[in-house]
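J.: Letter by letter, the chains look like this.
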Amino acid sequence: MAEQLFYFLIYPGLLFAAVIGAFLSWYDRKITAWVQFRKGPPLFQPFYDFFKLLLVKETILPKHGSKGVFLAAPIFAVFGASIAGVFILLPVMGIETGFKGDIIVIFYLLTIPSLTYIIGALASGNPLAALGGSREMKLILSYELTFILVLAGIIQKAGMTISFSEIISLQTLNGVFAGSLSGIILFIVFIFCIQAKLALVPFDAPEAETEISEGIMIEYSGTPYAMIKLTKYIMFFILPAFLIGLLWGGLNFEGINILWSILKILFVVLLLTLIRNTNPRVKIKQAIRYFIVWMNLLAIIAIVLSYFGL
Amino acid sequence: MVKKTLIPIGPYHPLQEEPELFKLYCEGEIVKDIKWETGYNHRGIEQLSEKKTFDQSFFLVERICGICSTSHPFAFANAIEEAGNIEITNRAKYIRTIIGELERIHSHLLWVGLAGHFLGYNTVFMWAWKYREPVLDLFEMISGNRNSYAMFKVGGVRRDIENNKISEIVKVLDLVKKKTDMLVGAVMDDPVIHARTKGVGILSKQDIFDYAAVGPTARASGVAIDVRKDDPYAAYPLVNWKVITAEKGDVFAKAEVRLLEMYESISIVEQCLEGLKKEKEGDIEVKVKDIPAGWGTGRAEAPRGEVFHYVLTDGSNSPARHKIRAPSYTNIATFKKSCIGQTISDATISLAAVDPCYCCTERMAVAYDSKTGYRILNGNQLIALSAKRTQNIKNQS
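Protein chains in written order, with my numbering: chain A, 1 to 310; chain B, 1 to 397.
Honestly, the hints are just simulated from the structure, not real lab data.
Keep in mind that a hint or two might mislead.
[As the list claims (entries may be wrong)] Here are the computed lysine-lysine pairs in the PhoX-like style, where the Cα-Cα straight-line distance is at most 25 Å: (1) B/Lys-278 with B/Lys-242; (2) B/Lys-23 with A/Lys-285; (3) A/Lys-138 with B/Lys-4; (4) B/Lys-179 with A/Lys-30; (5) B/Lys-287 with B/Lys-277; (6) B/Lys-32 with A/Lys-138; (7) A/Lys-63 with B/Lys-177; (8) A/Lys-285 with B/Lys-4; (9) B/Lys-153 with B/Lys-229; (10) B/Lys-323 with B/Lys-229; (11) A/Lys-39 with B/Lys-130; (12) B/Lys-52 with B/Lys-287; (13) A/Lys-285 with B/Lys-337; (14) B/Lys-4 with A/Lys-63.
Note that the structure is a prediction, hence the values are computed from the model and not measured.
Chain B with its partners taken away, still in its complex shape (with noise of 0.2 Å):
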């Protein structure tokens, strides 16, 4: 019998940049089973935004996570819209549409530098990283913020791109378009990134529907799931433009499927642009007086996958109730199936291939008692307040 040893992944570790514990229990450098710890970050999100209007909820949710902070407002607009059964405009539509893609950019391009920078492959990490930087200058220069870009609100956008900037943004475009030509080179010709990907940390068709993985990690299984096909919203059905797969489910098909996204979101946004310069100018918003009483859900296709809003609303300006679902709560569950049997250098590379974001997922957190080991509330016990919430919430109305 080999003694296991625990090597420990967080709480803070140079692989994520967030706070959460990963325990690998491993013989010699083999994963033999993982546990995991997550509720460093838990902000009480949904709390908050129930004593917020919906107008003030924008801001907060998009601060739910720093790098897609549009696909949450996205959401988020599209269940208030669901609700009060609000139609926007196609140019809000458009608009709306340009600002997820150019995140999905931004955060594709993040992630392939990030991905390098776990490989020791620091070059692609700052190369990737300068080439983001002309898609935070486009978000500037569109909305004055080069992240939280504060673009959504309840029936429109914020903003409109005016018809003259249109012809520098396809410039810059252009530049990202031939930068990312010259990353995909150099990532997916490169013999050693094919030896320490291909074949890494596999997830099956059958472990996607097991574990209901979202976004690029389905994807790079062969799973065609994409809610922005799926369930169509903004202008994603007024444009062309396909869902990229692949078949391998290993870490270097995740890498393909989300390099090939790029240039899917910059064709969208090319068309997008086109379609923005046949509406009227200013014409970005629909004067909503008020929400009925009633519910709503919204999806969005965040970057790292669906992204997935519920809000319950009592007529009243704040939301009722709001609840969250990031696509990260999902898929890092995935990750017990993809490092099981494999080394600890496979195992961090497979954790980080999915793009895990913890803050956006963590919804609640348990405490433990530090004397009696004891949780401090379980999980019948937070049913019952959360119950005596809900009596009491019905008791003011």
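Just chain A, same shape as in the assembly (with noise of 0.2 Å):
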């Protein structure tokens, strides 16, 4: 019992997660600002941003709404994130093999914070959260389909084991499965899925600031978006984690490889960032058209290849 709990809450849990997630926030930040021409934040920014948001801003309520689901969407958003955050980085980081078919538990309490995000967004009663709280449905339900595609590629090429850890076990004994072309598909269409599961341009159109000034987030003030922070951080550490899980060998933390391990993890997130930095922002129209055409196609065709050994 002890240590399922030292598991969730310490390492590699939420706070292992979130202070990496929160570093790898301030790169995100730091590339976005040299690309920009700025000089971008002091290496702590995110902590202050959040400890700020925890402890000296106030908590305004919406006047009109459902006050408890609104306070407690957030902390659903962290207890989901920390959990498939635990199961995803066990796995990946060589601590414990996880059990069969954890795959599949990884792709539900992934999507539980964009789930809790929509909840507090309509339970805030703004209609602008309204309109974000649509959006942000249209756009899982486009992008989800798209993401199982692309698990069900990644156990194709596994020879039908759903259990993460083989996954891992089988990169390192036969090669990484981004070496093959498939592998190349996946991970670009995987890259794109993250992107939209983070919300970041240009599939931020939930949250889309000039438009409906922040969308789902605009009531959330104080602690409750210092929760909503702590999500993001935690999936902005987890999603590459997973992805280099299941294409790219997982990550090694001993000795020389330790470097190779965070290398791979900055090469991934410097792909989100020029991504975020290269596009404007699509609409929510455009966005479903691309994930359920373009993105499902070359998912398919990589399921494809894969089936024939490429």
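Reconstruct the complex from the two isolated chains, following the hints.
T.: Structure follows, in structure tokens:
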């Protein structure tokens, strides 16, 4: 029991994932700043942001709306993200093997933050939040199918095993999946799914600052918003880690390998950052078409290619 | 029957840097109807101007708008010079034109950046604003100010552009031209930008005539309306340039017109600098003793369209009546046409595409009593009030 609690709360769950995620968010902001000829924030800025929201800023509750649900939603988001983090990071970092079928569980757990954002937004009673919530809903409906097709492709490549740790150990034996043609296609599609899951440009329609003033987040302030920030930090680390585990052989923290692992993570986050800095926001309709038609098509092509062993 | 939701843009909204309120009545994401309220920014500029001397009024009208801060003095100078029948020297004309065109370059760069920001493309935002900096530095070199240049006066300009500065200005213009090439490439060839802006917020030629839209908004719909050509002033008849138009009338066409206009502006400035070399240095103003009673109208092409000033003079040293119309006055109204039937994402960028400037536009505010809901002053009452004031002025003189 104590061990499980330690996994969940400290390492590799809540605390560890959040701290690494916060540093990755600093890295993302710094790269963005360099791309845009700015100086960028200091190293600990994500922590300052978080603790200011948590401890200093007042929490303003919406006058009309269901306050209980509004406040509960961010807490569920944090828990969903941390549990997903535990299930992803234990096998990826080689701490424990996990259980058979954990990929399916992870898939469900990863949708929890998005769902809680929608619930919280709708509970706030703000029309802009409702609009953001409906956009987020449409976005989930479009990218989740793609996401599950990507997972199907990976399971196909791994010889129909649905255990995350087995997929990783297969890659250490036979070479990484991203080395093959179908693996590269799956990698690309996966990156775009992460982009949509994290609601980064070009798929930030639910939050679209200049259209609906942060949409789903508009009513959040103070401590509940700090919880959402925490969720975002965790997701910013565990999603790239999930990708690396499934397609790029996982992370290894022994000896010189630690450097290689860090470079892998930084590379994936760099890709996300560059995509978000070289594209305008697409309309929700275009985002849906992009996933339903093009990304699904690519994922299916990858599945067919992997069937033929390419 | 679908219930309509009210989606507000404003009074404070990240889309626009100024207070305004657009109420979008939407069914789902589709805008069905709009209403708008402006008047948060009324500053009584016209009234203030009547209490100042002509020289002081220049500084006042310069502050109507922070971005197109030369077009208002430009139109005001044209109006007074028409009233007083003053002909300024060629050197002053060239300098006025240079300032006006440099302002157009920086204003269009500013718009390109903001349009990128509205689309969530913050890299374009930062890059465009970075390349706007050299232009502002030029202004600092010429006038001592980055914005609100205080260059204009009745009968000429306040500061000369010395001939030894010309080579430096040309150097900066070359740099700006190169950077503009890059921006044009980045914006015009990006497929995602095409997907977001093509076919969005279309204004037909007829809409332009119906709403009397001006400036790049009109030119993007194929209406070649430009005060610089239609009613030439300053040095515009002396240089060679053409009016940029586009046919489609959508947001992309408006961006295209603005981007290509920057090249024309750079070429106008270069020709004016050549012209400056031929004129005698220091010959920048004619002495004006007083302005006779009468009236004058002045027009100038601001980056956003036609600025119109009407000045009634009574022989004293200040305007007896000063009427201002900014381009956004007509351009904002086109939003009603361009947004209905669009999604909210498209509506916001269609609004931003006319580059609205609210504080320039607002001349009068109507107040409502919060308890009864009645207007505190209605139109007739205001007319009666205005007639009374005019009578007072007549009685005094």
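J.: If a hint holds in the structure, say so; if it does not, say that too.
T.: Status of each hint after checking the structure:
1. B/Lys-278 with B/Lys-242: Cα-Cα ~23 Å, so holds.
2. B/Lys-23 with A/Lys-285: holds (23 Å)
3. A/Lys-138 with B/Lys-4: holds (20 Å)
4. B/Lys-179 with A/Lys-30: holds (24 Å)
5. B/Lys-287 with B/Lys-277: holds (23 Å)
6. B/Lys-32 with A/Lys-138: holds (21 Å)
7. A/Lys-63 with B/Lys-177: violated (53 Å)
8. A/Lys-285 with B/Lys-4: holds (20 Å)
9. B/Lys-153 with B/Lys-229: Answer holds: B/Lys-153 to B/Lys-229 is near 23 Å, not above 25 Å.
10. B/Lys-323 with B/Lys-229: holds (23 Å)
11. A/Lys-39 with B/Lys-130: holds (13 Å)
12. B/Lys-52 with B/Lys-287: Measuring from Cα to Cα gives roughly 20 Å; hence the hint holds.
13. A/Lys-285 with B/Lys-337: holds (22 Å)
14. B/Lys-4 with A/Lys-63: Holds, because 21 Å separates the two Cα atoms, which is no more than 25 Å.
Figure legend: structure checked against the earlier numbered hints; the only hint not met is number 7.
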